[in-house]
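This is what each chain is made of:
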Amino acid sequence: MSAYVALFKARLQMGLQYRAAALAGLGTQLFWGIIRLMIFEAFFRSSAAPQPITYQQTVDYLWLTQALLLILPMRLEGEIQQMIRTGAVAYELARPTDLYWFWFFRSGAGRTAALALRAAPLYLLAWLFLGLKAPPSWASAGAFLLSLACASALGCALATLMTISLLWTVSGEGISRLLNLLAYVFSGSVVPLPFYPAWAQRALAFLPFGGLMDTPFRIYSGHIPPEEALGAIGHQIVWTVALILLGRWILGRGLRRLTVQGG
Amino acid sequence: MPQIEVENLVKTFRVAERQAGTWGALKGLLQRRSRTVRALDGISFTMEVGELVGYIGPNGAGKSTTVKILSGILIPDSGRCVVMGRIPWKARTAHVAEIGVVFGQRTQLWWDLPVIESFDLLREIYRIPPREYLRTRDELVAMMRLEPLLDTPVRQLSLGQRMRCDLAAAFLHRPKLLFLDEPTIGLDAASKLAVRDYIKRLNRQGVSVILTTHDMDDIEALCRRILLINRGRILFDGALEALRAQVSRDRQLVIVLAHEETWVEDPDAQVIRRNGHHLTLRFDPERISAADLIARITARYEIRDLYVENPPIEEIVAQIYYEEGTAL
Numbered sequence: 001m002s003a004y005v006a007l008f009k010a011r012l013q014m015g016l017q018y019r020a021a022a023l024a025g026l027g028t029q030l031f032w033g034i035i036r037l038m039i040f041e042a043f044f045r046s047s048a049a050p051q052p053i054t055y056q057q058t059v060d061y062l063w064l065t066q067a068l069l070l071i072l073p074m075r076l077e078g079e080i081q082q083m084i085r086t087g088a089v090a091y092e093l094a095r096p097t098d099l100y101w102f103w104f105f106r107s108g109a110g111r112t113a114a115l116a117l118r119a120a121p122l123y124l125l126a127w128l129f130l131g132l133k134a135p136p137s138w139a140s141a142g143a144f145l146l147s148l149a150c151a152s153a154l155g156c157a158l159a160t161l162m163t164i165s166l167l168w169t170v171s172g173e174g175i176s177r178l179l180n181l182l183a184y185v186f187s188g189s190v191v192p193l194p195f196y197p198a199w200a201q202r203a204l205a206f207l208p209f210g211g212l213m214d215t216p217f218r219i220y221s222g223h224i225p226p227e228e229a230l231g232a233i234g235h236q237i238v239w240t241v242a243l244i245l246l247g248r249w250i251l252g253r254g255l256r257r258l259t260v261q262g263g
Numbered sequence: 001m002p003q004i005e006v007e008n009l010v011k012t013f014r015v016a017e018r019q020a021g022t023w024g025a026l027k028g029l030l031q032r033r034s035r036t037v038r039a040l041d042g043i044s045f046t047m048e049v050g051e052l053v054g055y056i057g058p059n060g061a062g063k064s065t066t067v068k069i070l071s072g073i074l075i076p077d078s079g080r081c082v083v084m085g086r087i088p089w090k091a092r093t094a095h096v097a098e099i100g101v102v103f104g105q106r107t108q109l110w111w112d113l114p115v116i117e118s119f120d121l122l123r124e125i126y127r128i129p130p131r132e133y134l135r136t137r138d139e140l141v142a143m144m145r146l147e148p149l150l151d152t153p154v155r156q157l158s159l160g161q162r163m164r165c166d167l168a169a170a171f172l173h174r175p176k177l178l179f180l181d182e183p184t185i186g187l188d189a190a191s192k193l194a195v196r197d198y199i200k201r202l203n204r205q206g207v208s209v210i211l212t213t214h215d216m217d218d219i220e221a222l223c224r225r226i227l228l229i230n231r232g233r234i235l236f237d238g239a240l241e242a243l244r245a246q247v248s249r250d251r252q253l254v255i256v257l258a259h260e261e262t263w264v265e266d267p268d269a270q271v272i273r274r275n276g277h278h279l280t281l282r283f284d285p286e287r288i289s290a291a292d293l294i295a296r297i298t299a300r301y302e303i304r305d306l307y308v309e310n311p312p313i314e315e316i317v318a319q320i321y322y323e324e325g326t327a328l
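Protein chains in written order, with our numbering: chain L, 1 to 263; chain C, 1 to 328.
No lab work stands behind these hints: they were computed from the structure.
Warning: the hint list may mix true and false statements.
Unchecked claim - If we take Cβ atoms under 8 Å as the criterion, some of the chain C residues that face chain L in the derived model are: (1) Ser-71; (2) Gly-72; (3) Ala-97; (4) Phe-103; (5) Trp-110; (6) Leu-113; (7) Glu-124.
Note that the Cβ used here is the ideal one computed from N, Cα and C, for glycine as well.
Turn these sequences into a full structure, and let the hints steer you where they fit.
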């Protein structure tokens, strides 16, 4: 286990080196956040009908989306992609580690590093100047942090699955684009999930993608009250475990083919 | 008990074939053609603890396939393979914890991390006890003169520096067996010497080494025993000298003439190269001893310098590859 933790730490340090990228990302997220904020403000002003989520909850939701965008499984792990393309992935087997967890933590570490670098300053800015409020209670805050950790694990499981799919498709562009799109739309990062039509709600509640953003963000603003939060977090955990098992199974089959066929 | 026992190892690969041209590509959509390539065609050998074996053969001969099977990365079609009492691919994790591998074309280190941090990571991965780790690491750093490189990210190292670090990394967990797949590829002369020196030292400490290479100087400098493989079969297994004797007993006498235009002739020797003042003669030591030939030549011609040498191993190996090629 400590090997994975060490890998995680090393990646985190590495990610911290890319300050320029983090700064540019911060600027972009801020810009889009302000635009989206204006759109939703106009929307709330123009409509007198009661909305499924309050204006303040929407503002919180929007800023958290902007701050934590990188929780989505957006990009493939470049190094692993390269290894699979050149066939060098076989050499990964020359290390006495479980390859799935190795890759899981590797992508997790990179993602968390990038995430933390962008999230903290943007959260602070939004909270100071742009209308983001603190959670309504300590219970909400605690449940949010727990749910956020689960969202992060879920994102890692999805990203690792995407990486593993490279063993079959080599370039991986197709699957990663598709998964990206699904995650983007169904996690609530474009439009908060409560605004989707009633008939879609059941499907959205079933899919794993809401667990990436919608669940923790609604817990944050109290839209999901703390006493209901555990059920929502359970949903995240079940999906995370399921995706990890699926990933391990697919990786096992991919490796069998690799070790038999020679890549 | 031998450290490595390989018996009748066979490995085949299916290679997809594409047909040329647009029409061929269209046909390929309907009907895939594939061809079976026998990468290993029944190879057998054993290796004892502490040996340093040179594994040579032309490109595509099956060297890397063998090394991959021995290190548990690849599963053979048939045959027996026991390395340190284990079947490598059946107990992969336990197996790779006790071997060291270096693939010259690729680094085991983390591209973006300083060398020292890669080492620390490997310590965690191989679960090396801290004290033992520090001792081995410091020893390796001193031996390979890595001190000035430790804080540099791997991507900024030169190839020679990187290879030295890679070799050290492969030995941090003190494996009893090292697989080195072309460790000197692309290195400059000084780095090659450093790498060879390092391999020699480890071997002297009792580490067994299988070295694949195309560089015959590596073989000549390091290996008492060589395995020569071509088309998935072992053509020769034994000492370098025996291989030499098997192909040809001939030796070469190089003389440096005082006058370039001198014409040299001798009944027992044959001029095979002429390059300015330098002249290479080939002779059979069974027919005439080197001492007699030298005496005769120096008596008849004005000579500035001379030395006797063995035919370069490249020529011997090339000859075997060639004979093998024409025999088929």
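These are the hints, each one checked on the structure:
The criterion of a C-beta within 8 Å of any C-beta in chain L is met by C/Ser-71, whose closest approach is roughly 6 Å, and the hint holds. Taking 8 Å as the C-beta contact cut-off toward chain L, the hint placing C/Gly-72 at the interface holds, the least distance being around 7 Å. Because the closest C-beta pair between C/Ala-97 and chain L is about 4 Å apart, less than 8 Å, the hint holds. Interface restraint check: C/Phe-103 against chain L, minimum CB-CB distance 6 Å, threshold 8 Å, status holds.
Annotation: interface hint on C/Trp-110 holds; nearest CB of chain L at approximately 7 Å, less than 8 Å. Here the hint on C/Leu-113 is kept, as its CB sits about 6 Å from the closest CB of chain L, short of 8 Å. Hint status for C/Glu-124 relative to chain L: holds, with the closest Cβ pair at about 4 Å, below 8 Å.
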